[in-house]
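**Student:** Top to bottom, those sequences are chains A and B. Mapping to our numbering: the first sequence position 65 is 66, numbers consecutive. Mapping to our numbering: the second sequence position 113 is 536, numbers consecutive.
Honestly, the hints are just simulated from the structure, not real lab data. The beta carbon of each residue, even a glycine, is placed where N, CA and C say it ideally should be. There's no promise every hint is true.
Covered stretches of chain B (chain A as the covering partner; in silico rule of three or more C-beta atoms under 8 Å from a C-beta of chain A) [stated by the list, open to error]:
(1) 462-468
(2) 529-537
If you want the ones that stay clear, here's a sample from chain A, every Cβ over 10 Å from chain B, calculated [unchecked claim]:
(3) M8
(4) F19
(5) D55
(6) K57
(7) V83
(8) D97
(9) T108
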Amino acid sequence: GDSVTQMEGPVTLSEEAFLTINCTYTATGYPSLFWYVQYPGEGLQLLLKATKADDKGSNKGFEATYRKETTSFHLEKGSVQVSDSAVYFCALSDRDDMRFGAGTRLTVKP
Amino acid sequence: DAGVTQSPTHLIKTRGQQVTLRCSPISGHKSVSWYQQVLGQGPQFIFQYYEKEERGRGNFPDRFSARQFPNYSSELNVNALLLGDSALYLCASSQNSATNEKLFFGSGTQLSVL
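The whole structure should be built from the sequences, with the hints applied where relevant.
**Tutor:** Now the structure itself:
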């Protein structure tokens, strides 16, 4: 079935460093792709989404491009802040449901 | 507007017991989905309800059941609890039933089975 594999963490960066969190997917159809973020003590929040190939989702300085040829949806940010410390989940939705990756914990140090 | 609210926030049960978790969606949202998040893993889809009807079911045993009420709130029931049912149970709401809709998540109910 459809699935998502994302880069294992944890990831620790210094403030203003460049962030990449890798995500690849397996799907038989044409899923929509998402990044959700979970801050400590809170529920998951949608960070960005892309619904078709070559779409770029962006929000709060984060970007991800739906790459059909490499079946990837990597999350990037040019300069991370301490407030970006959270767990990031890559997800896809197909006809039936939403499937999440295992999550990548990001810690940003001042 | 209030977000998705779940109750209780924490729950401790023993093996074999039954548990009911509750969820109130965002006002105007007609779809509620339930997810199980085991520590260190991503959320796993359990059920989706839309307009009081089940629209989707994940790969969970029949011990798991749910329902949606006329006011769109929802309950998740788990019977004959096992140690492996210990997890964070998340409820998410959306405006309609499309699987690519933006989901709004509650903070979850942490269930511990002893």
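**Student:** Hint by hint, note whether the structure agrees.
**Tutor:** Tested hints:
1. 462-468: holds (count 6)
2. 529-537: holds (count 3)
3. M8: holds (13 Å)
4. F19: holds (24 Å)
5. D55: holds (17 Å)
6. K57: Non-interface label stands for K57/A: nearest chain B Cβ at 16 Å, farther than 10 Å.
7. V83: Consistent with the label, V83/A stays out of reach of chain B, its closest Cβ about 22 Å off (over 10 Å).
8. D97: violated (6 Å)
9. T108: About 16 Å separates T108/A from the closest Cβ of chain B, which puts it past 10 Å; holds.
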